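Number of protein chains: 2
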Amino acid sequence: MAYPVSPLASPFPDLPPIAGAVPRVARAGYKDWDRCDLTYVELDAGTTVAGVFTRNVCCSSEVELGRENLRQGQARALVVNAGNSNAFTGYRGREAVEQIMEQVAAHIGCPREQVFVSSTGVIGVPLPKDKAREGVAKALTAQPCSWEDAAQTIATTDTFAKGATATAVVGGKTVSISAIIKGSGMIAPDMATMLGYLFTDAAVEPAFLQQCLSAANVRTFSCITVDSDTSTSDTVLAFATGKAGNAPLASFDSPGADAFAAAVHDVCRQLAHLVVRDGEGASKFIAVTVTGAVSDESARKIGLAIANSPLVKTAIAGEDANWGRVVMAVGKAGEAADRDKLSIGFGGVWAAREGLPLADYDEAPVAAHLKGQDVTIEVDLGLGDGQATVWTCDLTHGYISINADYRS
Amino acid sequence: MAYPVSPLASPFPDLPPIAGAVPRVARAGYKDWDRCDLTYVELDAGTTVAGVFTRNVCCSSEVELGRENLRQGQARALVVNAGNSNAFTGYRGREAVEQIMEQVAAHIGCPREQVFVSSTGVIGVPLPKDKAREGVAKALTAQPCSWEDAAQTIATTDTFAKGATATAVVGGKTVSISAIIKGSGMIAPDMATMLGYLFTDAAVEPAFLQQCLSAANVRTFSCITVDSDTSTSDTVLAFATGKAGNAPLASFDSPGADAFAAAVHDVCRQLAHLVVRDGEGASKFIAVTVTGAVSDESARKIGLAIANSPLVKTAIAGEDANWGRVVMAVGKAGEAADRDKLSIGFGGVWAAREGLPLADYDEAPVAAHLKGQDVTIEVDLGLGDGQATVWTCDLTHGYISINADYRS
Numbered sequence: 001m002a003y004p005v006s007p008l009a010s011p012f013p014d015l016p017p018i019a020g021a022v023p024r025v026a027r028a029g030y031k032d033w034d035r036c037d038l039t040y041v042e043l044d045a046g047t048t049v050a051g052v053f054t055r056n057v058c059c060s061s062e063v064e065l066g067r068e069n070l071r072q073g074q075a076r077a078l079v080v081n082a083g084n085s086n087a088f089t090g091y092r093g094r095e096a097v098e099q100i101m102e103q104v105a106a107h108i109g110c111p112r113e114q115v116f117v118s119s120t121g122v123i124g125v126p127l128p129k130d131k132a133r134e135g136v137a138k139a140l141t142a143q144p145c146s147w148e149d150a151a152q153t154i155a156t157t158d159t160f161a162k163g164a165t166a167t168a169v170v171g172g173k174t175v176s177i178s179a180i181i182k183g184s185g186m187i188a189p190d191m192a193t194m195l196g197y198l199f200t201d202a203a204v205e206p207a208f209l210q211q212c213l214s215a216a217n218v219r220t221f222s223c224i225t226v227d228s229d230t231s232t233s234d235t236v237l238a239f240a241t242g243k244a245g246n247a248p249l250a251s252f253d254s255p256g257a258d259a260f261a262a263a264v265h266d267v268c269r270q271l272a273h274l275v276v277r278d279g280e281g282a283s284k285f286i287a288v289t290v291t292g293a294v295s296d297e298s299a300r301k302i303g304l305a306i307a308n309s310p311l312v313k314t315a316i317a318g319e320d321a322n323w324g325r326v327v328m329a330v331g332k333a334g335e336a337a338d339r340d341k342l343s344i345g346f347g348g349v350w351a352a353r354e355g356l357p358l359a360d361y362d363e364a365p366v367a368a369h370l371k372g373q374d375v376t377i378e379v380d381l382g383l384g385d386g387q388a389t390v391w392t393c394d395l396t397h398g399y400i401s402i403n404a405d406y407r408s
Numbered sequence: 001m002a003y004p005v006s007p008l009a010s011p012f013p014d015l016p017p018i019a020g021a022v023p024r025v026a027r028a029g030y031k032d033w034d035r036c037d038l039t040y041v042e043l044d045a046g047t048t049v050a051g052v053f054t055r056n057v058c059c060s061s062e063v064e065l066g067r068e069n070l071r072q073g074q075a076r077a078l079v080v081n082a083g084n085s086n087a088f089t090g091y092r093g094r095e096a097v098e099q100i101m102e103q104v105a106a107h108i109g110c111p112r113e114q115v116f117v118s119s120t121g122v123i124g125v126p127l128p129k130d131k132a133r134e135g136v137a138k139a140l141t142a143q144p145c146s147w148e149d150a151a152q153t154i155a156t157t158d159t160f161a162k163g164a165t166a167t168a169v170v171g172g173k174t175v176s177i178s179a180i181i182k183g184s185g186m187i188a189p190d191m192a193t194m195l196g197y198l199f200t201d202a203a204v205e206p207a208f209l210q211q212c213l214s215a216a217n218v219r220t221f222s223c224i225t226v227d228s229d230t231s232t233s234d235t236v237l238a239f240a241t242g243k244a245g246n247a248p249l250a251s252f253d254s255p256g257a258d259a260f261a262a263a264v265h266d267v268c269r270q271l272a273h274l275v276v277r278d279g280e281g282a283s284k285f286i287a288v289t290v291t292g293a294v295s296d297e298s299a300r301k302i303g304l305a306i307a308n309s310p311l312v313k314t315a316i317a318g319e320d321a322n323w324g325r326v327v328m329a330v331g332k333a334g335e336a337a338d339r340d341k342l343s344i345g346f347g348g349v350w351a352a353r354e355g356l357p358l359a360d361y362d363e364a365p366v367a368a369h370l371k372g373q374d375v376t377i378e379v380d381l382g383l384g385d386g387q388a389t390v391w392t393c394d395l396t397h398g399y400i401s402i403n404a405d406y407r408s
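As given, the protein sequences belong to chains A and B, one line each in that order. For the first sequence, position 301 (counting from the first letter as 1) is numbered 301 according to full-length UniProt numbering, and the numbering increases by one without interruption. For the second sequence, position 368 (counting from the first letter as 1) is numbered 368 according to full-length UniProt numbering, and the numbering increases by one without interruption.
No wet-lab data here; the hints were simulated from the structure. Since this is a predicted model, take the numbers as computed values, not measurements. Where a beta carbon is used, it is the ideal one built from N, C-alpha and C, also for glycine. Worth double-checking, as some hints may not be accurate.
[As the list claims (entries may be wrong)] Among the chain A residues that face chain B by a calculated CB cut under 8 angstroms, a handful are:
id, residue
1, Gly90
2, Ala315
3, Ala329
[To be verified] As a list, the in silico DSSO-like pairs of lysine-lysine whose alpha-carbon atoms are at most 27 angstroms apart:
id, chain 1, residue 1, chain 2, residue 2
4, A, Lys173, A, Lys129
5, B, Lys301, A, Lys301
6, B, Lys31, B, Lys138
7, B, Lys31, B, Lys131
8, B, Lys243, B, Lys173
9, B, Lys31, B, Lys129
10, B, Lys341, A, Lys129
11, A, Lys129, A, Lys31
12, B, Lys243, A, Lys341
The shape of chain A in the complex, shown without the other chains (with noise of 0.2 angstroms):
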């Protein structure tokens, strides 16, 4: 954590510990720093998992195998490597996570297709084996640690450590969420990849448990944005250990499913929102509201070609009421959109209705609206019912320094 603290972290939550899930950290040293740099998660047989990952095909081989693992729907243990991300290390890479797979498989006594991997940090330098293995190894015995301690170990350029938590109400019991994520760019490779996890002592069914964590992702995770670039090791797993006692949840027909679905929605949004506020040289955090577009899904298309455009991004930084900015990014998406219906505002002020400036337009309470930590920009298509909200940061000379500075 080299660089200074964004100016839009939060505190740490209070994370309730989740029965049936243990973390622990060590150091392996991947890097020549003074640091812990592996977690391990150990999960009790029955624990289910349910995983989204990165679209990136030049995806680690820890991706790949990921997607194999959650096949068969069962978890016993988590692996995070932070200062190396194993992409593009070709079959070299693969076998250091077989080995990790492998050497917790033993020690637990499971199949090693219920031990996930994720790793992050550089790009095309092999994980080295020796260093992996001593690292598990301290790891498998080390005393307990709290989520925030994991939190911090799976960070790497990220400058707060971040977690979110919800409970809900699931056939008369209360289940937990706890969970964290690292990355300060959604969307930056190198040593930037997003990670997340979650933790529920709720009783899920693994099928139901991907349900909920694919719907999350589209209106959480999808929609947030830092710099347009996707990482090659992006990862979000939920793990549910069912300890709680509830009736296992199998479909939205189970009580209490549509709470914990909810639950499982409100920590992700969470999540997605603390990796924005970490974005690489960020000042400003940013929502971007698009309603009136012919689908949800072209909407959320339309927020992140927003959101995305340099030229906006740079005017929110230079706190600028640029709404032509806001024009081009709106027609270049390639999404249906009629100039002559289009309404644009900031902080809920319109400053362009129907394809026309407001001849009326105040900008005042809109300078005011920008000189704030967080900014809103709407956008009315005038077509359909389609929406979808966006997340975003500005772009400053911070990101400039942190990447042009930053040496592979």
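Given the coordinates of chain A, assemble chain B onto it according to the supplied hints.
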């Protein structure tokens, strides 16, 4: 031209006069500045025209009317307004363009469809009709000027005037092309729309002129990017006055057609490179060559994913041979790629071959190459015969300063 001249600037070349195409400039006073900002080029009867326009769906009235005018294939005049893009101004903006078309058509005595108008500058402010009328009146009777004067007058945030020329022998006659362009983002609205104009004394049928321009466009203007933001007003027009006395070119079967098409391509490539060389904040000119793709179009899309990646562009700014970021950009492009066949190089030196970092990779020559102003990135996908080269500039603090400090 408020910013320091780009370190990548080229001197303005000697552009020959084109018989039948006479440029003039005047002061319309679209902004509070002390310079000419209205360009008028009168074209002799019989001049043919071709054009390519932005695909931004929020395009300006100038672009809409230009597309319509193009259908009849003849041109008698070009008017370019600098300082106001007239985009997103609804019916009021359209009326201003129609007024200019009618004023010029009445002066020349031609159908208004033969008057082409472009505007570049701030979005959302209707072009003031009174200033336009007075400016056009002055320009119609002004002394003819040089192509360099015209290039300076169409410019806005450009830091240097841009022109290019080429000749071809067509049926025993030497024909010339003189061309000017403005833009310092291809691809940046407000004050950085790309507008380009080619004038030739060759006799060319409109359909074949369009064929030549469209073909050149795909491999030149469509292969450059400064910041991924597509303007609402981008326009390139080609005018052929027919004064060279060659037999009119109607297709590739006409003698000299290949030479003419090559000259058009050559001029378009020169113009496209000049825009990148004036990219906002640029300190390095980057050529990305992609080979081994499944198609040329796939190669172009992968090249643009690399050229638009803020992480790749900041790495080059930092003179960092960070090929992991190139891997990431290839993978996120959404095109066919196989991580284990991918090779990446800088300045002609491979850093990774077929999915693995090179064991004997010598970074010294690459580091020396990256210190220069002209940088090349080579990507071989190992899949097919598709190839493309795209051009961009690096992403520096200069870009942030220009765009975060600019006030709409």
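*Against the earlier hints, flag every one the structure doesn't satisfy and list their numbers going up.*
Numbers 4, 12 - these are the hints that the structure violates, sorted from lowest upward.
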